[in-house]
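Throw the hints in and build the complete structure from the sequences for me.
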Amino acid sequence: MNSLDYLMNEICKSLSAIGIIIALITFPYLKSKNKANIFLSSYFLISGSYALLHYNLLNNGNPSIVAFLYGTTVPLVYLFRPVSYLYVRSMLTKKITFKKWDYILILPAVLYVFDVMPYLMTSFDNKLRLAYLLIEDQNNMFRHPITYVTTPTFHFAFRPIFSLAVSFAELVMLYKYFRDNPQTKTDYPTTHNWLWTFSLIGATLTITLSVVSLVLNTLDHQIKLNYDGAIVFMNISNVLFLCLNISVFLFPRMLYGLLAEPETNTSFTFRPQIIVNNKVEDHIKPSFKLEEARLSEIETMIQEYFIQEKPYLDDSFTINKLSESLDIPIHHLSYYFNYHLLKKFSDFKNECRINYAIQLLKEGILKKYTIEQLYHEAGFSTKSNFYRVFRLHTGKTPIEFLEEINA
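Numbering (my numbering), first residue to last: 5 to 411.
Calculated from the structure, these hints are not laboratory results.
This one's a predicted model, so the numbers in the text were calculated from it and none came from an experiment.
Heads up, the beta-carbon is just placed ideally off N, CA and C, and yes, glycines get one too.
Incorrect hints may appear among the rest.
[As the list claims (entries may be wrong)] List of simulated lysine-lysine pairs, DSS-like, C-alpha gap at most 27 Å:
#: 1; residue 1: Lys180; residue 2: Lys104
#: 2; residue 1: Lys348; residue 2: Lys325
#: 3; residue 1: Lys372; residue 2: Lys348
#: 4; residue 1: Lys325; residue 2: Lys400
#: 5; residue 1: Lys103; residue 2: Lys39
#: 6; residue 1: Lys400; residue 2: Lys348
#: 7; residue 1: Lys131; residue 2: Lys39
[What the hints assert, rightly or not] Between beta-carbon pairs, the in silico distance windows are:
#: 8; residue 1: Glu295; residue 2: Asp141; range: 56 to 62 Å
#: 9; residue 1: Lys104; residue 2: Trp200; range: 24 to 30 Å
#: 10; residue 1: Lys387; residue 2: Glu328; range: 28 to 34 Å
#: 11; residue 1: Ile409; residue 2: Trp200; range: 55 to 61 Å
#: 12; residue 1: Thr322; residue 2: Asn66; range: 54 to 60 Å
#: 13; residue 1: Val153; residue 2: Trp105; range: 20 to 26 Å
#: 14; residue 1: Asn130; residue 2: Pro193; range: 50 to 56 Å
#: 15; residue 1: Leu204; residue 2: Asp184; range: 17 to 23 Å
#: 16; residue 1: Glu367; residue 2: Leu204; range: 54 to 60 Å
#: 17; residue 1: His148; residue 2: Pro193; range: 50 to 56 Å
#: 18; residue 1: Lys98; residue 2: Ile403; range: 42 to 48 Å
#: 19; residue 1: Glu295; residue 2: Ile205; range: 26 to 32 Å
#: 20; residue 1: Met305; residue 2: Leu137; range: 57 to 63 Å
What follows is the structure in structure tokens.
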């Protein structure tokens with residue numbers, strides 16, 4: 005074995021270990037803020053398992069490992085690109101959702117599982133016998149197919165087409181998102197760089213594996229499999245696999261679910277605002293500007309959250325909690341309130357509380373409860389502060405306001 009072959013074998017052996025280790029690292033954090041880790045963990049678990057099978061097939065490895073992985077890993081390869089696509093989308097949207105078209109992404113894997121079900125149900129001894137044949141000559145996967153309906157030749161042709169299509173869709177989605185949300189690159193530079201690195205390496209890897217698959221599909225399978233026509237692309241694929249696995253450690257924030265946290269941007273400094281008569285002085289200008297689309301998005305998110313959850317009724321509710329709940333950077337919220345609405349967050353919050361208190365007054369809350377119950381229900385911690393804010397917004401005390409609407 006020459007030095008290049010030895011190096012490729014060592015890389016291939018390391019791939020399985022690294023991929024499975026990354027999957028184990030991300031798994032405990034599936035319940036963290038970055039729930040997209042469920043797809044990242046699946047992605048590297050699939051790649052690690054596939055690399056482990058690949059290594060044992062090509063290097064006269066452990067037949068038991070081949071027997072265990074062959075029937076289960078082959079269908080999972082169809083999920084390699086779909087879970088990547090779902091991971092990137094979940095990172096962009098910061099939530100996990102399934103659309104009706106998403107089921108098309110997993111359909112090939114599901115159909116393949118049903119196609120190999122007779123093999124999966126056979127005894128381990130039968131699987132072990134096939135494993136010895138595969139290790140002796142990988143061409144035996146064509147001579148002794150494990151599928152019931154389709155053939156290996158079909159999958160070696162269809163899988164590249166399917167994987168390339170999903171990879172293309174992932175890159176288009178990523179491009180459109182950052183094109184339509186240019187501020188995200190500034191607010192989350194680590195996420196931006198990681199997603200492009202992850203997607204581009206993954207797409208390049210898909211291309212090289214597709215070439216290998218198509219080349220192998222054209223070989224004469226009546227003779228011992230010869231990899232000379234695909235060895236270059238196979239080696240490139242191994243290197244890309246390794247680069248993809250190692251790249252995660254260059255972006256450790258992605259492993260620990262920190263996407264939702266505002267990232268440090270040294271070029272940005274938010275200036276303290278000066279409020280006069282509930283408005284920002286004209287000569288105080290922000291050091292950055294949010295696009296109208298972003299302001300509209302923030303407004304919609306806040307309105308829906310306030311209507312559905314009524315967080316302002318909690319007397320400890322702060323802008324920091326709002327930022328955490330909606331995954332909106334604090335400086336974006338500060339810009340929205342101070343320079344778009346021209347009011348402080350505390351004033352906006354108190355307006356919502358007073359409107360709620362007025363609603364309770366109209367519903368007759370004072371017929372059953374005292375004024376103390378009213379201001380507590382409206383989110384105020386003290387009676388004096390409630391009266392002050394109520395008079396500021398209505399020009400009357402709560403009792404005077406109630407007498408007026410009942411007159």
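Flag every earlier hint the structure violates by its number, smallest first. The structure conflicts with hints 3, 4, 7, although it agrees with all the remaining ones.
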